[in-house]
Amino acid sequence: MKYPVSFYINGVQYDFYVTPATSLLSLLRKDTHMTGAKEGCNQGDCGSCTVLLDGMAVKACLVPALTIAGRHVITVEGLAVNGKLNPLQQAFYEMGAPQCGYCTPGFLMAAQGLLNKNPKAGHEEIVEAISGNLCRCTGYYKYIQAIEAVVAGKFAKEEVDDG
Amino acid sequence: MKEGFYEAPQSLDEALEVLDRLQEKATILAGATDIMPRINDGVFSPEYLVYIGNTGLTGIRREKDSIIIGATTTLTQIEENSLIAQHAPVLTEAVRNMAGVSIRNMGTIGGNICNASPAADTATPLLVLDAEVAVMSRRGKRIFPIDEFFYCPGKTCLNPNEMITEIILPIKPHCSAFLKLGQRKAEVLSIVGVSVKLVNENGICKEARIAMGSVAPRPIRCCKAEAFLTGKEITPILCHEAAVIAGGAAKPIDDGRATAWYRKRLAPVMVERALKKAMGFEEEETAT
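Residue numbers (our numbering), protein chains in the order written: chain V, 1 to 163; chain C, 1 to 288.
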């Protein structure tokens, strides 16, 4: 049986018609063709599908789409504003954090979830925040450095033209 | 795979009515973090998913000498709650060691105990805190100690038409500790998890609670070791002796995380460390 559900993805309202078992991840990838969130394990272990739900990091593969009616989802596609990378993206890019890149959207969203809650997060909190994200190139250190650089204000938002 | 049906009651009354109507056909869904992996794998196709996230059971409040935690309160909300940090720090510590941030943002305390996993990390703190579980059906409410809640893996004393509404923690002075050993720090199920609580008056143990996870078909209390400690002067040696007795209660199995052999030897070590940590006996680096 399919049921209607509406929620927001990157600020835009979407209406879907889905089965109870449909995950937010499969909706994003198959219905809206936003493939930024990756399907790694589909078990909630790898973190490559991490998105923000009302500003909090969650694993999209574990979220039944019907349960988030009216809520706001931000995917990696929603981070850049007017084509301008957000500070985390800019830091990841300039500091060479991604290697193969598969896990990168998940790391970005997990890190953004942390900064939403605490823009001054310390090393321990950063490590904790990305503990649910696996990088098979094992490039954790550069991710941590890049997030620390953003916390330190090296990629501040003032560069973004709000116009 | 069957597509299944979905219900999202908008109040507790409505939820109880739905459960009464569906009985065994209903699978209650809250944070979904334990159900979705099985659904995604295709090993579980629930006939009806009943989502209880909108039934007003989220929140933490104080009532006289109790802390009341709503069943759908998320693990993150518990981790960040100052009332729990102050009066039940063993629960805060346990939650902080569960899964990772993005799972804790969704997973609920009610879901964690209703899954009745022997490794449920909120179970041992709730056992040592003498938590009570409030359960409702259309026929009414019952409240009982959490020790009576768990039967065996996946099985609780809940009837099909019932759901947990609240978890009730008594507030009274004590010292406590939670320790967990897993294959790494985050996002793992425990190999052995231990919670202890001691009521210590002038060095004499007035009350002891020891609970272990992942060493039996359900999270267990170590009543013999608790009785052994009670009334005695708490010393490091006594902690060791109590831990050996507690270890006797461990009836572990081999699984993907560790062997029974290892768990059997690990359990008393973890209990001893937890007791000493609760008492502040030594600052040694312990594996958590």
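One should not assume that every hint holds.
[As the list claims (entries may be wrong)] One-sided and incomplete, this derived list gives chain C residues near chain V with beta-carbon spacing under 10 Å:
#, residue
1, K2
2, D34
3, I35
4, I39
5, L49
6, P145
[Claimed, not checked] With a straight-line cut-off of 25 Å between C-alpha atoms, the simulated PhoX-like cross-links for lysine-lysine are:
#, chain 1, residue 1, chain 2, residue 2
7, C, K185, V, K120
8, V, K2, C, K185
9, V, K117, C, K172
10, C, K25, V, K2
11, V, K84, V, K142
12, C, K172, C, K206
13, C, K251, C, K64
14, C, K232, C, K206
15, C, K224, C, K172
16, C, K64, C, K185
17, V, K154, V, K142
18, C, K155, C, K172
19, V, K30, C, K2
20, C, K155, C, K141
21, C, K64, C, K172
22, V, K117, V, K142
23, C, K2, C, K25
24, C, K185, V, K142
Quick caveat, the hints were computed from the structure, so don't treat them as lab data. Just so we're clear, the structure is a prediction, and the values are computed from it rather than from any experiment. We put the beta carbon where it would ideally sit given N, CA and C, even for glycine.
> Which of the listed hints are broken here?
Replying inline: 6, 8, 9, 13, 16, 18
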